[in-house]
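S.K.: Sequence:
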Amino acid sequence: MFDEITREELINLVGKIVECEGTEEEIDEMLEAVERNVPHPEVSDLIYWNDKDLS
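FYI, the numbering for the sequence shown is -17 to 37, going by my numbering.
In case anyone wonders, no lab produced these hints; they're calculated from the structure.
A couple of the hints might just be wrong.
Stated by the list, open to error - Dumping the calculated EDC-like pairs for lysine to aspartate or glutamate here, alpha-carbon to alpha-carbon at most 16 Å:
hint : residue 1 : residue 2
1    : K(-2)     : E8
2    : K(-2)     : E11
3    : K(-2)     : E17
4    : K(-2)     : E14
5    : K(-2)     : D10
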């Protein structure tokens, strides 16, 4: 599931991960798919640990 995905599908998956849409197992599968399709070594950090100033 989620082998090679398009940019649009990738954006959709990240949105679902951020919004916690699905069970923990489904979110883990989505995150694994993102990690397989994005060359950044720590892509999950970009999703969960954004350094953007929120104030």
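S.K.: Holds or violated: K(-2) with E17, Cα cutoff 16 Å?
M.R.: With Cα atoms ~15 Å apart, K(-2) and E17 stay inside 16 Å; holds.
S.K.: Take the C-alpha atoms of K(-2) and D10, compute the straight-line distance between them, and say whether it is at most 16 Å.
M.R.: holds, 11 Å
S.K.: Can you confirm whether the C-alpha distance between K(-2) and E8 stays at or below 16 Å?
M.R.: Holds, at about 10 Å.
S.K.: Below or equal to 16 Å on CA atoms is what counts here, so check K(-2) against E14.
M.R.: holds, 13 Å
S.K.: For the pair supplied as a hint, K(-2) and E11, is the alpha-carbon distance within the 16 Å limit?
M.R.: Given that 16 Å is the threshold and the Cα spacing comes to 11 Å, the pair holds.
Checked against the numbered hints listed earlier, the structure breaks none of them; every hint is satisfied.
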